Amino acid sequence: MMRELILNTQLSQRFNRETLARTVGACIMPLIILGLSVVFGVLEPRFFTGQNLGNILVQSSFLIVLAVGQMFSLIVRGFDLSVGQLISMVSVASALVMAHLASTMPEAPFLAVAVGLGAGLAIGVAAGLINGLNIAVLEVHPFVATLGMLGICQGIASTISGGFPVFDVPDVLARAFLHNRIFGIPLPVATAILVCVVAAFVLNRTVFGRMLYLVGSNPRASVTAGIPAKRVLVGAFVTCSLITAIAALMLTARTGSGEPLMGGGLMLQSIAAAVIGGVSLRGGEGRVLHCVIGGIFITMLSNGMNMVRVEGYFQMIVLGVVVITGVFLDRLRKR
Amino acid sequence: QDAPWWPFTAEDWTSGEAVPIEYEPTETPTKKWKLCAVYPHIKDSWWIAVNYGQVSEAQRQGAELTIFEAGGYTNLNQQISQFDDCVALGADAILVSVISEAGLANQIEEATNNGTVIVGVGNPIFEAKVTSKIFTDQELMGFTGGQLVREMFGEDPARVVQFPGPQGAGWAESSAAGFRRAVEGSEIEILEDKYGDTGKSVQLRLVEDALQAHDDVDLLYGVAVMAEVAVTAVDEAGLADDTQIVSWYSNQGMIDGVKNGTISGTVTQYPVAIGRIGVDLAIRALEGREHAKEVHPVPLAVTAENVGDIDLTRAFAVPGFQPTFKVD
Amino acid sequence: MTDQKSPLIELRAVTKKFPGVIALKDIDFDLKKGETHVLLGENGAGKSTLINILAGSFPPNAGSYLINGVAAKGLTPHKARLSGISPVFQEFSLAPELTVMQNMFLGREIRRLGVLDNAAMKVRAEEVLSELGFEINTEIKVGELSRARQQMVEIAKALLQDVQVLILDEPTASLTDSEAEKLFELVERLKTDGCGIIYVSHRMAEIRKIGDRVTVLRDGRKIGTVTCADTSDADMIEMMTGRKVDTLFPKVVQKPGKEAMRVEKLTSSCGGVKNVSLTMRHGEIVGIAGLVGSGKSEIARLIFGLESIATGAIFLAAKTEIRNPSPRKMLRNGICYLPSDRVGEGLAMDRPIRENATIAALDTEKFNLRGLMRRKNERDAANKVADRFSLRPLDIERRVEALSGGNRQKVMLARGILRDVEVFLFDEPTVGVDVGAKAQIYHIINELVENGAAVLLISSELPEITNLCNRTYVMRLGEIVGELLGDEVTENNVLNAIFDDHTRMKPDAQVPA
Amino acid sequence: MLFALILLSLVEPRFLRQANLINVLRGTGFLVLIACGQMLVLIVGGFDLSVGAVVALSSVVSALTMAGLGADGAMSVWTIIAFGFAAGIGAGLVVGLLNGLCVTYLKVSPFMVTLGTMSIAAGVALYISAGAPVYGLPEEFTRIFGRYRFADLPIIVYTAAAAAAVLWLMMNKTVFGLYVYAIGGDPAAARNSGVSASAVLISCYAICGMLAGLTGLLLTARIGSGEATLGSTLMLESIAASVIGGVSLRGGVGRVENVVLGALILVLVTNAMNLMRVDSKIQTIVIGIVLILAVAVDAWRQRIRGRRAA
Ligand SMILES: Nc1ncnc2c1ncn2[C@@H]1O[C@H](COP(=O)(O)OP(=O)(O)OP(=O)(O)O)[C@@H](O)[C@H]1O
Ligand SMILES: Nc1ncnc2c1ncn2[C@@H]1O[C@H](COP(=O)(O)OP(=O)(O)OP(=O)(O)O)[C@@H](O)[C@H]1O
Ligand SMILES: [Mg+2]
Ligand SMILES: [Mg+2]
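Chains as they are written, first to last, in the working numbering: chain A, 2 to 336; chain F, 6 to 333; chain W, 580 to 1092; chain E, 85 to 394.
To be clear, the hints were calculated from the coordinates, so they are not data collected in a lab.
Remember, predicted model here, so these are calculated numbers, not experimental data.
C-beta atoms are modelled at their ideal positions from N, C-alpha and C, and glycine is treated no differently.
Do not take every clue at face value.
[Unchecked claim] In silico lysine to any residue, SDA-like type, Cα no more than 20 Å apart, as pairs:
(1) K658/W / A281/E
(2) K658/W / A272/E
(3) K701/W / K191/E
(4) K257/E / G599/W
(5) K945/W / T207/A
(6) K788/W / A808/W
[To be verified] FRET-style restraints, in silico, Cβ to Cβ:
(7) K37/F / A155/E: 36 to 44 Å
(8) K36/F / V199/A: 48 to 56 Å
(9) F168/A / E22/F: 17 to 25 Å
(10) T258/E / A641/W: 34 to 42 Å
(11) N1030/W / F184/A: 54 to 62 Å
(12) D363/E / E976/W: 54 to 62 Å
(13) V694/W / N265/F: 47 to 55 Å
(14) L130/A / K945/W: 55 to 63 Å
(15) R232/A / D363/E: 55 to 63 Å
(16) E976/W / K331/F: 51 to 59 Å
(17) E976/W / R232/A: 23 to 31 Å
(18) R687/W / W162/E: 41 to 49 Å
In isolation and in its complexed conformation, chain A is listed as follows:
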C-alpha cells in the first residue's frame, strides 16, 4: 500500500505540476504582450480602438499561419528558408490561373478562384515534396535544400509573372476575403484559427504528429523503434509548405493580386515568430500556442510603434531590443 501512496501523491503532484507548467509556460509572453500594449495604449489612446485591435488581429493572422507552417519543419530539427519565395511563387501562379480562367469564362468567377486556390495548394505540396525528398532521401542538409528551393521559387515567380504584379484577379476573391465575417470574425482571422486548430489536432492527436516529435527529438532512436523516419521527415516538410501555401493564398486574397516580390521578408519573420513563442530550434519541441503568441507579439510590436509614431529607423532598434529582452524574460521560467 506504500506503492499506492506514492502513486497517488505522484499523480496529484503531476497534475499540479502539469497544469502549473502549462499555465506558466503560456503565461509570461502574454504578460509581456499585455504590458507592452498598456504602454502603447497610454502613449496613444487610439491604440485601443476596436478598429486598431481588429487591424492587429488581421495583420497577425497571416504571420501566425506562416509560423505554424514553419514550426512543422522546426520540430523535425529542420528549417525552411524557402517559405518566403514559395509565397511569391504560389501567389503569382494562383493569380495567373485565376486571371486566365476569369478571362476565358467571366460568367463563373468563383470557379476560377476555386481552381486558382487549388493550384496554389498543389504547388505548395509539390515544393514541400521536393524539399522533403532532398532532405530525407538525398540527405541534403535542410538549410541547403530549402536555400536551393528559395532560389528556384524566386526564379519561377519572377519569370512567369514577367516581373509585374498579376492584376485582374477576379475581385470576388479580395472582396469575399476582406469583407466577409464568420460569427463576426474577419475571414483572415477565421482562417488562421482554423489552420491552428487543425495543426494542433495533427500534432497532439495523430500518430503522425507524435512521430514528428519523436523523430525531431532523437532521429536514431526513432529509427531503432521502427518509426519510418524518412517518411515522417517528408511529411513534415510537405505540411510546412502546404500551410505556407495557405498563407500565400491569404496574402494574395488580401492584396487581390499576384505579387512576385511579396515573400521577401517573411522567411525570417516566420522563424522568429515561432521561436519567440517558444518553439525550439533544436527540434522535438513546439506547440501551436507558441506560434500564436509569437505572431501576435511581433505584429503588435510593430503596429504599436506605428501608432505611437516611433521613427522608422528607431523602430528597428526598438524591435531588436524588445525581442531579445522578451525572449530572455520568457526563458526565465525555464530556470
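Given chain A, work out where chains F, W and E with the ligands should sit, using these hints.
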C-alpha cells in the same frame, strides 16, 4: 522658410493627355490637416528627396505628417498593414507611394469610399481610384534615357548591357521596356538585361561579370547604383575610354559623375518637387479647392552640357537632411 | 578503517533540489585517505547527484562542502580537478567530436609555446590506457566508440592527473569482469598510495570486493553508513530498498520449444562480425558473452537491420527468410531489439516517459486508430508499465531527461512489453540498473520466456549469463568460438572459452544469497 | 570540385581570363572572410544572423569617421584611415560582444539574440547614415584597399587568405580551437571536463563580429562609399558557404579549408552563370538546383565512404 519653390513646370494629365502647366501651391490652409504617408523605403537618395519635399512642404503649410517606410520593395504586406495603421491613426489624407498598385488597390478603394483623401506620390498609379496623383512613369524615364543614348551614339552601332534593377519589382521591368522602345530600330544592340538588387555590392558583381562575359561593350545602362560602382569596375578593366555609363534616374552621385565626366548622362525628374506637390494636392483636396487629378513632372536628360543649369534644389534634399518620419 | 585520519572531503547537511524533486536531503558524507567509500542506492536515490556536487558540476542548495577541511566556495569542475578530485561520470564527460586523446586531456592540455603538444599528449594517453590494459586507438573520435569503449576512455581520463580523490560512478556498468579486474587492481594501488575512492555500483560482488565503508541512500535521504566487512549483502539491499529482496535471479524454467529464429553465416560489411550462425528457440534464453568489442552488440544490430549485412541469411520460425531487414520490418515480425546505448539511440530524451514507452508500438491498433492516437489506451498502458517497473518518480508525463540512469533503462525496456513480441534481443539490459530493478527486469525476462518468447541476452555481466541462460554463445574478435549448453554454462567455462586458456585464475564473483 | 572547374573552363573559355579569375578570387575573398567568422560561431553551437547588418554598420561607421576626420585637412591620411579601420572593426567587435554576452549570460537562443542585434545594427546604420551613401572617403583608402593589386591580386584576397590561415592554426593547433569543438559537441561534457565555456563562447562571437566588420571595411573601400544597405545577402551566403563546407548547424563539426571551398563554389556558380549569359531570372533557378545537387552528391560520397570506413 527658404525661397519659394514654385512655379514648377509640369504636365497636367487630368484630361487624359498632357497639358503643360506652371504648378503653384494653394494659399495657406484654413486648418492643421493630419497627413500620413507610406513609402516603399527611405534608403536611397531618390526617396530621401521625396521625403524632404513632403516634410518641408508639410512644415510650410503647417500640416501634421506621419511617415511609415516598409523597409523595401519585398515588404508589400508590411506596407498594407502600415496603410491600415494610417487609417487607424485617423489621417485626413494618405500619401501613398505604392510598392505595388494592385497590392494596395483594395485598401485605397476602401479608404476613398470612407472619404479619406488619397494621393499617389512618386510611384505610378494607373487604375486605382485615388483623389489625385503625381508621378513619373518609370517607363517614360527609361524611354528618356533611351533617347539620350540614341543621341549620344547617333547612327553608329553600339553594344549595350542593361541593368534595370531587381527582378520582380515592376518598375525595373518598365524602365527596361521604355529603354527598348526608345532604341527601337536604331543601331543600338542590347546584349543582355542583368537584373539584380540595387545594393552596391550586388550591382558591382554584376558589372564585373558583364564586362567579362561580353567583349567591347560600349555602354552600361541602368540604375544609378550600377552607374556609381561601374565607374570603378570599368576603370579597373581598363575600358575607361571605350565604355560609357548612363543611368535612367539620378542621385547626387550621378550629378557629380556627369560633372566630372565619369558618367555620360542621367535622367532626373525632381523627386523633391514630387514630394511637395503630393502634399499640396492632398491639402487642396482637403480644403475643397479645385486641383489637378494627375500631374507628371517632365523628366529631363542631364548631360555635361546642361548639368550646370538644372535646379538641384528640386532634385535633391539639402545636404545634411536627415530622413524625417513625423511633422507635428 | 583507520578513523583517526582527517577526511579528504566532507559534506555537511547537503540538500539538492531539482524542479519537482528533492534529489538529496540533509546528506552528511565523508571520505578518508586510503579508503574506498561505496555509495549504494536504488536508481534515483541520488548517488550521481551527490557525485556531481562533489565534482563541482553544480552547487548544493543548502549545506557545506569541505575539501581537506577548508570550505569549497564557488566550486567549478575545473577547481575540483585542480584540487585532485577526478570523477568518472555515469553519463560521461566526453566530447563526441574530439579524439580519445583530445578528450583525455580536455581542460588540461599540454602546450609548448602556446601550441598543443600532441606528441607528448599521445604518449601519455597511451601510457595510461595500456596501464589499464585497454587497447583503444587514441586517434579515433570518441563519438565512434561503443559505449563500453567510451567508458574506458572516461576512466583513463580520470586517471590522467595525479589523483587525491577518485570518484567512480558505475564504472563497470558496461565492462566485462576481465576489464573490471584491471580497474580494481589499479584502485587497490591508489588506496595504498593514500587516495580516497568513492565507488558507485549496483554489482554487490564488486562492492564486497573493494568496498571499505558503504553509505546507503534512499529517495535522496541517507539511511546510514556501515562497514562492508560486517554487513551482509541482504542487509545492505534491505537498507537500500526498504524491503527484502529474496533472490536476485529467478529460477528460470527453460523449456526450449520450436525454433523462433535462425541466423546463418552472418558477416557484417564492417567486419565486426564474421560468419556467425546461431539459433533461438521459443521458451529459451540464449546468451552471448565476450569481451568488449568482440561483436556481441553487432550481431543483434545486424539482425535488426541497424548495420549492413555483407553475407549470410536470417530465417524466421516458418523458415521464411527475411531479406535486407529493417527495424520496422523486424518489429512487424515480432522481433524487438533493445539497444545498450539508451541515450544515443534508445530514448527521445526531451519527450515524456509515456511517449517513450509506446514509441515502438505506434503502428499497432492498440494505440493507433486509423492514424489517430488512442490517448487513453496509451496513458493506461504507460501507467501500467511505469508501476510494474516501479519507476521513480512514478510520473509518466516527466521528460526522460530528468530520470536517473536506471530509470531511463526501465523506460526503454517498456517498449518490449507494450507490443506483442516473440523474439527479444536484449543488449546489456541491466546497464546501470539497481539490484531491485535488476531483479524485476530478470523476472520480466523470465515471464516473457515462460510465455514462450525467445530471448537473446547480450551481456557483459557473467552472473547474468550463468544464472539466466540455457545456452550461451561465446564470442571472440567477431566470431563465435564456442557454444555452452545447460550445466556447461559456468563462469569458468565461459571465461575459458573467452580467453581460450585454462591457466587463468577464476575471479571470485558471487551472487547475493 | 576540380572537375567542375575544368568542365567550366571548357564550356566557357572566358572563365580562364586573368581578369575573370581575379573577380572570382575577390568575390570569394569577401565571402571567405565573413564565412570564417560564421563558421566559428556555428561550430561552437551558435548562429550569427547579424553579420550582414554588421557589414553595413561597419561600412557606415568607418566611412563617417573617415569623412568626418578628413573634412578638415588637419590629420594625415594614414591616421584617418587607421581611425577608420578602428571604427569599423570596433563596431563589429561591439555587436559581436553584445551577441556573445547575451547568448552566454542571458541564455537566450543565439538565433533570437543575433536576430535582434541584426535589427539593431541595421537600424543604427540607417540612422547615422541618414539612409544615404556616405561619400568623401580618403582617396588612398579606396585606391589601396579597394583597387590596389599586389602581384595581380587585390588586397582582399591576401586578407582573406591570412584570416583563413590564422583561423586554421587556431582551430587545429591551439587549446582555443579544441575547446570550441568540445563546447560545440557537448557543452555539459566540456564543462564537466573543466573548460570555462563562457570565455570561449564570447570570444567566438567577438571574432565573428570583427571579421564581419573587416569585411564591411574592405567592401566600403571597394565600392567607394559607406552604405547602410551593404551586405544584405552576406548573412545567408556566409551560412550557406559554411554548411556547404560541411559545418554542422548543431555544432561541433567543421573545418576551415572546407568552408573556403564552400565559399569558392558559391561564387563560382554565380560567376559561371553570368559568363554563360544565363538569363538572370533563370539564374536563381539554376543556382538553386546546382546547390542542392552539389551537396547531394557530396552527402552521397560521404555515405559510401562511411560504409567503407566502418
Ligand atoms: N537534471 C535533472 N533535472 C531534474 N531532476 C533530476 C535531474 N537529474 C537527476 N534528477 C532527479 O534526481 C534524483 C536523483 O537522480 P540520480 O541520477 O542522482 O540518481 P542515481 O542514484 O544516480 O540513480 P542511478 O543509480 O540510476 O544512477 C532522481 O529522482 C532524478 O529524477
Ligand atoms: N579497438 C577498437 N577500437 C575501435 N573500435 C573497435 C575496436 N575493436 C572493435 N571495434 C568495433 O567495435 C564493434 C563491435 O563492438 P560491439 O559493441 O558489437 O562489441 P560488444 O561485444 O557489444 O562490445 P561492447 O561491450 O562495447 O558492446 C565493431 O564494429 C568493431 O569495428
Ligand atoms: Mg547515477
Ligand atoms: Mg555492446
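Hints, verified against the model:
no. : hint                         : in the structure
1   : K658/W / A281/E              : holds, 14 Å
2   : K658/W / A272/E              : holds, 16 Å
3   : K701/W / K191/E              : violated, 36 Å
4   : K257/E / G599/W              : violated, 45 Å
5   : K945/W / T207/A              : holds, 14 Å
6   : K788/W / A808/W              : holds, 10 Å
7   : K37/F / A155/E: 36 to 44 Å   : holds, 39 Å
8   : K36/F / V199/A: 48 to 56 Å   : holds, 52 Å
9   : F168/A / E22/F: 17 to 25 Å   : holds, 23 Å
10  : T258/E / A641/W: 34 to 42 Å  : holds, 41 Å
11  : N1030/W / F184/A: 54 to 62 Å : holds, 56 Å
12  : D363/E / E976/W: 54 to 62 Å  : holds, 57 Å
13  : V694/W / N265/F: 47 to 55 Å  : holds, 54 Å
14  : L130/A / K945/W: 55 to 63 Å  : violated, 31 Å
15  : R232/A / D363/E: 55 to 63 Å  : violated, 37 Å
16  : E976/W / K331/F: 51 to 59 Å  : holds, 52 Å
17  : E976/W / R232/A: 23 to 31 Å  : holds, 28 Å
18  : R687/W / W162/E: 41 to 49 Å  : holds, 45 Å
Consistency note: the structure conflicts with the earlier hints numbered 3, 4, 14 and 15.
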